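S.K.: One letter stands for each residue in the lines below.
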Amino acid sequence: DAKTTQPPSMDCAEGRAANLPCNHSTISGNEYVYWYRQIHSQGPQYIIHGLKNNETNEMASLIITEDRKSSTLILPHATLRDTAVYYCIVSATGANNLFFGTGTRLTVIP
Amino acid sequence: DAMVIQNPRYQVTQFGKPVTLSCSQTLNHNVMYWYQQKSSQAPKLLFHYYDKDFNNEADTPDNFQSRRPNTSFCFLDIRSPGLGDAAMYLCATGIPGQGFNEQFFGPGTRLTVL
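Line by line, the protein sequences are chains A and B. Taking the working numbering, I'd label the letters of the first sequence as residues 1 to 110. Taking the working numbering, I'd label the letters of the second sequence as residues 1 to 114.
Be aware that one or more of the hints could be misleading.
As the list claims (entries may be wrong) - In silico DMTMM-like cross-links for lysine to aspartate or glutamate, where the CA-CA straight-line distance does not exceed 20 Å: (1) K17(B) <-> D62(B); (2) K3(A) <-> E57(B); (3) K3(A) <-> D59(B); (4) K52(B) <-> D85(B); (5) K3(A) <-> D62(B); (6) K38(B) <-> D62(B); (7) K52(A) <-> E102(B).
No lab work stands behind these hints: they were computed from the structure. Since the structure is predicted, the reported quantities are computational estimates derived from the model, not experimental observations.
If we strip away everything but chain B, and leave its shape as in the complex, we get (with noise of 0.2 Å):
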């Protein structure tokens, strides 16, 4: 089945160690975001890519950045992560194109900074 992917489900780090977490999608979607959900709080969008484009929400930290190597992978770099920033990521993908704006969310990974 065509789907989103995120890897870890679960991630571990220290407060400063650099972390990556990994999106991968097989549906062939143009677009790809990054969101973060704290807990009890909605998803906050962080930024997306248009094929190559990235497109930063104004209020992301400078902490946040993310890669697009391909089409099919995205990856979310937290540089110095901060007890703030234990949070369930979600990577979703859209294709805009068509008019309307539905999303197709992954799992999350649920990332927990000791």
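Next comes chain A alone, as it looks inside the complex (with noise of 0.2 Å):
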């Protein structure tokens, strides 16, 4: 599986848009991007994964560059509850394992 790489540590203030970005140079054809998200003493949770296009859902939008080497997650209002590490993950498809990188620890201010 491909690598991943994050900022280790963004913050974002309460109501404004986060973009957690997300470099994934050696990505290939058949891998998809995911996002996972861990609140302290939590499980990790999916957020969104996407192959080519962007994608949105209730949670985020994921926007993937042309070239497919980089994505950027965005949480278009976030709040206190969204205080967590999120993790890009690159996977392929029907991959029955998810590597997860070091992440990048969102704090979103009040």
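Could you use the hints to bring the two separately framed chains together as a complex?
M.R.: Here it is as structure tokens:
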């Protein structure tokens, strides 16, 4: 699986959009980009995934660059409950494993 | 609600005393995973079951074993816990055949080794 690079930490003001970047320059054609988050003392939670196109669901939007070498997770209106570690993971179609990197610790500030 | 349940949430054991952590699911998923997460680190996959087929990660110590008696339950056995095995242990389930790898995690069991 391709490796990912994320900033170790970010702050975001409550109510503003949080934009979390991820680099995955060695991504292969059959690999999806996944985002999970882990709130303190809880298990990781799936947020969104994508292959080539931008994706949106009730939690977030995922923007993938045309060359697929990087992506951005967007939380449109961050709340205090969005404070968590956000993991960007690249994983092949049908693969059983998710390899978590170091993630980005997002702190939403009142 | 369908979910992944881990019991107990907190487990204390003594150095060298075998301990078993439990996971159950009501999602009826084929795959069950065990991850180890040490303090301030990312989750690390130990092994997984695809139905009854056991798949061990290459660097998982022999001290860690697993059992899956049926679809719903999976156990993590630590035969002789050391101080370095103190961690959060996360169970997850998934349906890899759907084409993408969404996993559903339980709340974890925090293991303390005295």
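S.K.: Please go over all the hints and tell whether each is borne out by the structure.
M.R.: Results for each hint:
1. Pair hint K17(B) plus D62(B) holds up; C-alpha atoms about 15 Å apart against a cutoff of 20 Å.
2. Taking the CA atoms of K3(A) and E57(B), the gap is about 18 Å. The hint holds against a cut of 20 Å.
3. For a cut-off of 20 Å, the pair hint linking K3(A) to D59(B) stands: about 18 Å separates their Cα positions.
4. With a CA separation close to 26 Å, the supplied pair K52(B) and D85(B) exceeds the 20 Å bound.
5. Under the criterion of a C-alpha separation no larger than 20 Å, the hint pairing K3(A) with D62(B) is inconsistent with the structure, at around 27 Å.
6. Of the supplied pair hints, the one linking K38(B) and D62(B) holds, its CA atoms being roughly 18 Å apart against a limit of 20 Å.
7. Our distance criterion of 20 Å between C-alpha atoms is met by K52(A) and E102(B), whose separation comes to about 17 Å.
Checked against the numbered hints listed earlier, the structure breaks hints 4, 5; every other hint is satisfied.
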